[in-house]
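Using the sequences plus the hints, can you model the full thing?
Listed here are the chains, written in short residue letters.
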Amino acid sequence: MDLAAKLKKLSLTLEQKNNYLYKVVVKSEQLESLLLSFINEFDYITLDSINCRDDLEDGVFTITYCLQNRNRDHIVMIQTSIERENATLPTMHILWPQAEIMEREMHEMFGVNFPGHPSLIDFALEYWNDIPPMRRDFDTLEYVNKMNPFRGQRDDALDAKEEMKKRREAKKAAKLKAEQEAAAKEAQKVKTNTSEEVQR
Amino acid sequence: MSDLKNTIKIFHGPQHPGITGNMSVELDLLGETIKRAQTHVGYLHRGFEKLIERRTVVQAFTIVCRICVPEPDPNEENFARAVENLTGLEISDKAKYIRTMVLEMQRLATMFLWMGGQAGSIGLGLIPQWSICDRDYMLDLFEELTGGRVYHMYAFPGGVRRDLPNGFIDKLSELLDYYEKRIAVYNDTFFDNAIFKKRAMGIGVVKADEVLKNAYIGQVMRGCGIKKDVRKDMPYLVYDRLDFEIPIQQEGDVYARALVRRDEMLQSIRILRQIIKQMPKEGEILQKIPKHRKFKLPANDTYVQTESARGAMSYYMAGDGSEKIRRMQVRGPSLIHAYTLLEKLLVNAQLADVAMIMNSLGICPPEIER
Numbered sequence: 000m001d002l003a004a005k006l007k008k009l010s011l012t013l014e015q016k017n018n019y020l021y022k023v024v025v026k027s028e029q030l031e032s033l034l035l036s037f038i039n040e041f042d043y044i045t046l047d048s049i050n051c052r053d054d055l056e057d058g059v060f061t062i063t064y065c066l067q068n069r070n071r072d073h074i075v076m077i078q079t080s081i082e083r084e085n086a087t088l089p090t091m092h093i094l095w096p097q098a099e100i101m102e103r104e105m106h107e108m109f110g111v112n113f114p115g116h117p118s119l120i121d122f123a124l125e126y127w128n129d130i131p132p133m134r135r136d137f138d139t140l141e142y143v144n145k146m147n148p149f150r151g152q153r154d155d156a157l158d159a160k161e162e163m164k165k166r167r168e169a170k171k172a173a174k175l176k177a178e179q180e181a182a183a184k185e186a187q188k189v190k191t192n193t194s195e196e197v198q199r
Numbered sequence: 000m001s002d003l004k005n006t007i008k009i010f011h012g013p014q015h016p017g018i019t020g021n022m023s024v025e026l027d028l029l030g031e032t033i034k035r036a037q038t039h040v041g042y043l044h045r046g047f048e049k050l051i052e053r054r055t056v057v058q059a060f061t062i063v064c065r066i067c068v069p070e071p072d073p074n075e076e077n078f079a080r081a082v083e084n085l086t087g088l089e090i091s092d093k094a095k096y097i098r099t100m101v102l103e104m105q106r107l108a109t110m111f112l113w114m115g116g117q118a119g120s121i122g123l124g125l126i127p128q129w130s131i132c133d134r135d136y137m138l139d140l141f142e143e144l145t146g147g148r149v150y151h152m153y154a155f156p157g158g159v160r161r162d163l164p165n166g167f168i169d170k171l172s173e174l175l176d177y178y179e180k181r182i183a184v185y186n187d188t189f190f191d192n193a194i195f196k197k198r199a200m201g202i203g204v205v206k207a208d209e210v211l212k213n214a215y216i217g218q219v220m221r222g223c224g225i226k227k228d229v230r231k232d233m234p235y236l237v238y239d240r241l242d243f244e245i246p247i248q249q250e251g252d253v254y255a256r257a258l259v260r261r262d263e264m265l266q267s268i269r270i271l272r273q274i275i276k277q278m279p280k281e282g283e284i285l286q287k288i289p290k291h292r293k294f295k296l297p298a299n300d301t302y303v304q305t306e307s308a309r310g311a312m313s314y315y316m317a318g319d320g321s322e323k324i325r326r327m328q329v330r331g332p333s334l335i336h337a338y339t340l341l342e343k344l345l346v347n348a349q350l351a352d353v354a355m356i357m358n359s360l361g362i363c364p365p366e367i368e369r
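As they're listed, the protein sequences go chains A and B.
Residue numbers are given in numbering that gives the first Met the number 0: position 117 of the first sequence equals residue 116, and the series is strictly consecutive.
Residue numbers are given in numbering that gives the first Met the number 0: position 206 of the second sequence equals residue 205, and the series is strictly consecutive.
What the hints contain is simulated information worked out from the structure, not anything from laboratory work.
These figures come from a predicted structure and were not determined experimentally.
Glycine is no exception: its CB is placed at the ideal position from the N, C-alpha and C atoms.
A hint or two may mislead.
So the derived label-pair ranges between C-beta atoms look like this [stated by the list, open to error]:
#	chain 1	residue 1	chain 2	residue 2	range
1	B	Glu281	A	Glu141	50 to 56 Å
2	A	Asp136	B	Val184	28 to 34 Å
3	A	Lys171	B	Arg292	37 to 43 Å
4	B	Ala183	A	Asp42	40 to 46 Å
5	B	Leu3	A	Asp42	36 to 42 Å
No more than 27 Å apart at the CA atoms, straight line, and that leaves these computed lysine-lysine pairs for DSSO-like [unchecked claim]:
#	chain 1	residue 1	chain 2	residue 2
6	A	Lys22	B	Lys206
7	B	Lys226	B	Lys206
8	B	Lys293	A	Lys16
9	B	Lys206	A	Lys16
10	B	Lys196	A	Lys188
11	A	Lys26	B	Lys212
12	A	Lys5	B	Lys212
13	A	Lys16	B	Lys93
14	B	Lys212	A	Lys16
15	A	Lys22	B	Lys226
16	B	Lys49	A	Lys145
17	B	Lys49	A	Lys16
18	A	Lys16	B	Lys287
19	A	Lys16	B	Lys323
20	B	Lys290	B	Lys95
21	B	Lys95	A	Lys16
In C-alpha cells:
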C-alpha cells in the first residue's frame with residue numbers, strides 16, 4: 000500500500016488488521032501533525048469516529064481516530080494514548096466539523112479536555128458534577144444507591160426475617176405435633192388390639 | 000445574535016409526533032421561520048456502552064439489538080462480526096447467506112417504517128397506515144424465523160442461532176412479490192404525489208461538497224450523487240457475490256433522499272431473490288464456541304462497518320484478554336445527522352418542515368445516547 004511507504008518516511012508502521020482495516024499507533028505529540036498529514040497529504044477527508052477507551056490499569060486513555068478517504072474502500076485507525084489525569088487532546092473541529100460533537104461527548108463521558116473547543120457544554124447529562132460516567136473508576140452501583148435510595152418501611156411493617164423465622168418454627172411445631180399425634184394414635188390402636196385379644 | 004431579536008423559543012419534542020424518537024430541537028422562531036436550532040438529547044440515556052463493559056459476550060449480545068429500535072439487525076451483525084474478527088471465528092457460507100438475508104429483510108422493514116414517518120410528517124395520513132401494515136408482514140416472518148418481532152437476537156458470533164423454519168423461503172418469496180406490487184402503489188400515491196413533491200423538493204438541501212468532509216452518510220450522501228455504499232466498497236458476508244446497484248439522486252433535498260430510499264427497497268428485493276436462489280441447503284448454522292465464562296476476547300481491537308437502512312453503522316470493539324468486553328463504541332448515522340447536519344439545515348427553514356427534514360435524515364435518538 001502506498002500509504003505504508005509514506006508513513007515509513009515518518010518512522011511509523013501501518014499494521015493491516017484485515018482487508019479493509021489498517022492501524023497506525025502514534026505518540027500523542029505526533030497526533031495533530033499526523034492527522035493534518037492524513038487530511039492534506041493523504042486525502043483522508045472523512046473522520047468517521049473518535050473512540051475512547053479507558054485503560055485504567057495503565058493510567059491512560061487510548062484514543063482512536065477512524066478515517067476514510069474519498070474511495071471509502073478502507074478505514075485507517077490512528078491510535079494514541081494520553082495520561083488519564085488532566086487528559087488533554089487538540090480539538091479537530093476546524094478540520095472536521097463533526098469532531099465538535101464527538102469531542103463534546105468525550106469531554107462529558109471521559110473528562111478529556113479540548114482547549115479551543117467552542118462548545119464543551121452538556122451533551123446528554125445535565126449539571127453533572129461526579130466523575131465522568133464512562134471512566135472505569137466510576138462506581139455505577141454506588142451512584143445508583145446514592146441517587147435512588149431505598150424507600151424506608153412503614154411504622155407497622157413487619158420484619159421479614161423475623162416473620163420467616165416464626166413461620167418456620169410454627170411449621171416445625173405443627174409437623175412435630177402431627178407426628179406425636181400419629182404416634183399416639185398408633186399406640187392407642189395397638190393397645191386396643193391387645194385388649195381385644197385378651198378379652199377373646 | 001442580532002438575528003435572534005424578537006424571536007420566540009419553542010421546543011420541538013421530545014413529546015411531539017413529528018420527532019423521530021426521544022430527542023428535542025430547541026427552535027428560535029421569527030414568525031414561522033427558524034433562526035436557530037439546537038439539538039438536545041438526554042431523555043433516553045440507557046448507557047448501553049457502560050452496561051456492555053461489565054458483561055460477557057453472551058450477556059452483551061442481548062443488549063446490542065436495543066441500541067436502535069427501528070433496525071436492530073445491523074447492530075447484531077456489527078457485534079457478531081467484531082467478536083469474530085477479534086477471536087478469529089470463521090462462519091459457514093450458509094450462516095453468511097442467512098445473515099445477509101436478515102439484514103436485507105430488516106432494511107425493507109425499516110424503509111416501510113420510514114415511509115410512514117415521512118408521509119405522516121406532511122399530513123398524508125393514509126400512507127403510514129398502509130406502510131405500517133406492510134411492515135408487519137415482514138415482522139411476522141421475523142417472528143417465525145427468530146421468535147421476536149422487533150428485537151431478534153439472531154446473528155450470534157459464530158453464525159446464527161437457528162436454521163430456517165420449513166417453508167420460510169416460500170413465504171419470503173411470496174412477500175417479495177407482494178412488496179414489489181405495493182411499491183408500485185406507493186409510487187403512485189406517495190412518491191408521485193403532488194403534495195409530497197411540492198413540500199419536499201428544494202427543502203433540506205445538502206451540498207455534495209460538504210458530504211464527505213462532514214461524514215454525512217447513507218441516503219444523505221447518495222441523495223447528493225455520491226455513489227458509495229459499504230456493501231459495495233467494503234463487502235462483508237456475501238454481498239460480493241450478489242448483483243445490485245447503488246441508487247443515487249443529484250438534488251440533495253428531502254425528495255431526492257426519498258427516491259433513493261424507494262430505489263433501495265427495490266434493490267433489497269432484488270438481493271433477497273438472489274439469496275433465495277443461491278442459499279446453500281447444507282452448512283453449519285452456528286460454529287462451536289467456548290462456553291459462556293470461557294469465551295475470552297484477546298487484548299486487541301477492531302472496527303467494523305455495516306450498511307444499515309440509514310447509512311453506515313460502525314462499531315469499535317476492544318478486548319483485554321478476559322471474558323468481558325473492555326470497550327464497545329457505537330457510531331451510527333444519527334449523531335452527526337442530528338447535530339452537525341440538522342442544526343444547519345433547519346436555519347431559515349419553516350416550522351412546518353422540521354419533522355419532514357428530520358425524518359429524511361434517518362435519525363434514531365437511542366443511537367446518539369448509547
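Hint check:
{"no.": "1", "hint": "B:Glu281 / A:Glu141: 50 to 56 Å", "in the structure": "holds, 53 Å"}
{"no.": "2", "hint": "A:Asp136 / B:Val184: 28 to 34 Å", "in the structure": "violated, 57 Å"}
{"no.": "3", "hint": "A:Lys171 / B:Arg292: 37 to 43 Å", "in the structure": "holds, 39 Å"}
{"no.": "4", "hint": "B:Ala183 / A:Asp42: 40 to 46 Å", "in the structure": "holds, 42 Å"}
{"no.": "5", "hint": "B:Leu3 / A:Asp42: 36 to 42 Å", "in the structure": "holds, 39 Å"}
{"no.": "6", "hint": "A:Lys22 / B:Lys206", "in the structure": "violated, 31 Å"}
{"no.": "7", "hint": "B:Lys226 / B:Lys206", "in the structure": "holds, 15 Å"}
{"no.": "8", "hint": "B:Lys293 / A:Lys16", "in the structure": "holds, 24 Å"}
{"no.": "9", "hint": "B:Lys206 / A:Lys16", "in the structure": "violated, 34 Å"}
{"no.": "10", "hint": "B:Lys196 / A:Lys188", "in the structure": "violated, 98 Å"}
{"no.": "11", "hint": "A:Lys26 / B:Lys212", "in the structure": "holds, 25 Å"}
{"no.": "12", "hint": "A:Lys5 / B:Lys212", "in the structure": "holds, 22 Å"}
{"no.": "13", "hint": "A:Lys16 / B:Lys93", "in the structure": "holds, 25 Å"}
{"no.": "14", "hint": "B:Lys212 / A:Lys16", "in the structure": "holds, 25 Å"}
{"no.": "15", "hint": "A:Lys22 / B:Lys226", "in the structure": "holds, 26 Å"}
{"no.": "16", "hint": "B:Lys49 / A:Lys145", "in the structure": "holds, 18 Å"}
{"no.": "17", "hint": "B:Lys49 / A:Lys16", "in the structure": "holds, 26 Å"}
{"no.": "18", "hint": "A:Lys16 / B:Lys287", "in the structure": "holds, 24 Å"}
{"no.": "19", "hint": "A:Lys16 / B:Lys323", "in the structure": "holds, 22 Å"}
{"no.": "20", "hint": "B:Lys290 / B:Lys95", "in the structure": "holds, 22 Å"}
{"no.": "21", "hint": "B:Lys95 / A:Lys16", "in the structure": "holds, 21 Å"}
Hint compliance for this structure: hints 2, 6, 9, 10 are not met, and every other hint is.
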